[in-house]
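Given the sequences, and given the hints that come with them, work out the whole structure.
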Amino acid sequence: MLRLSLRLLMVTALLSLLTSIAQPISQRETGAVQQRSRIDENTRIVDQTTGKPISYTEYMALIKRYANACYMKPMPDEYGEFRAYKIRLKTAEERATGQLNMRDPVQQPKIGMPIEEPARPAALYGVSCAVGLAESL
Numbered sequence: 420m421l422r423l424s425l426r427l428l429m430v431t432a433l434l435s436l437l438t439s440i441a442q443p444i445s446q447r448e449t450g451a452v453q454q455r456s457r458i459d460e461n462t463r464i465v466d467q468t469t470g471k472p473i474s475y476t477e478y479m480a481l482i483k484r485y486a487n488a489c490y491m492k493p494m495p496d497e498y499g500e501f502r503a504y505k506i507r508l509k510t511a512e513e514r515a516t517g518q519l520n521m522r523d524p525v526q527q528p529k530i531g532m533p534i535e536e537p538a539r540p541a542a543l544y545g546v547s548c549a550v551g552l553a554e555s556l
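Using my numbering, you'd call the opening residue of the sequence shown number 420 and step up by one each time.
Quick caveat, the hints were computed from the structure, so don't treat them as lab data. As the structure is a prediction and not an experimental result, all values here were calculated from the model. Mixed in with the good hints, there may be bad ones.
Restricting the straight-line Cα-Cα distance to at most 30 Å, the calculated cross-link-like pairs of lysine-lysine (DSBU-like) are [stated by the list, open to error]:
no., residue 1, residue 2
1, K492, K529
2, K492, K509
3, K471, K492
4, K471, K505
5, K505, K529
6, K483, K509
7, K529, K509
8, K483, K471
9, K471, K509
10, K492, K505
11, K483, K505
Written out as structure tokens, the structure reads:
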């Protein structure tokens, strides 16, 4: 009886060891896609304030002079690749908080102005739904 219980204990221990080894290791990754690019002499860099292109040496001088105070906004081409960048200096608020303000203050609604809903064309609903909407009106 003692031998049988020892054998069962050994078999159970061996099976638990084998199943723990055979289980796959799962790794969690975020859904974000990371894309890294290298800026060199062939990269087009445009000054956002003037709209004029700057050279690689001017870019390097800006980076050395204003360390961590420049923001490079990628400009994707027709294939979605980042081949050109717009460079601008960060504002004092952006440097203090460490967060970029990507909103255009010109396009933001003024305080007290109503926000209008964008018009929805019938093409978004499809032909049959648009006909149904027209008939119900």
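Structure-based check of all given hints:
{"no.": "1", "hint": "K492 with K529", "result": "26 Å, holds"}
{"no.": "2", "hint": "K492 with K509", "result": "11 Å, holds"}
{"no.": "3", "hint": "K471 with K492", "result": "15 Å, holds"}
{"no.": "4", "hint": "K471 with K505", "result": "10 Å, holds"}
{"no.": "5", "hint": "K505 with K529", "result": "27 Å, holds"}
{"no.": "6", "hint": "K483 with K509", "result": "15 Å, holds"}
{"no.": "7", "hint": "K529 with K509", "result": "24 Å, holds"}
{"no.": "8", "hint": "K483 with K471", "result": "20 Å, holds"}
{"no.": "9", "hint": "K471 with K509", "result": "18 Å, holds"}
{"no.": "10", "hint": "K492 with K505", "result": "5 Å, holds"}
{"no.": "11", "hint": "K483 with K505", "result": "17 Å, holds"}
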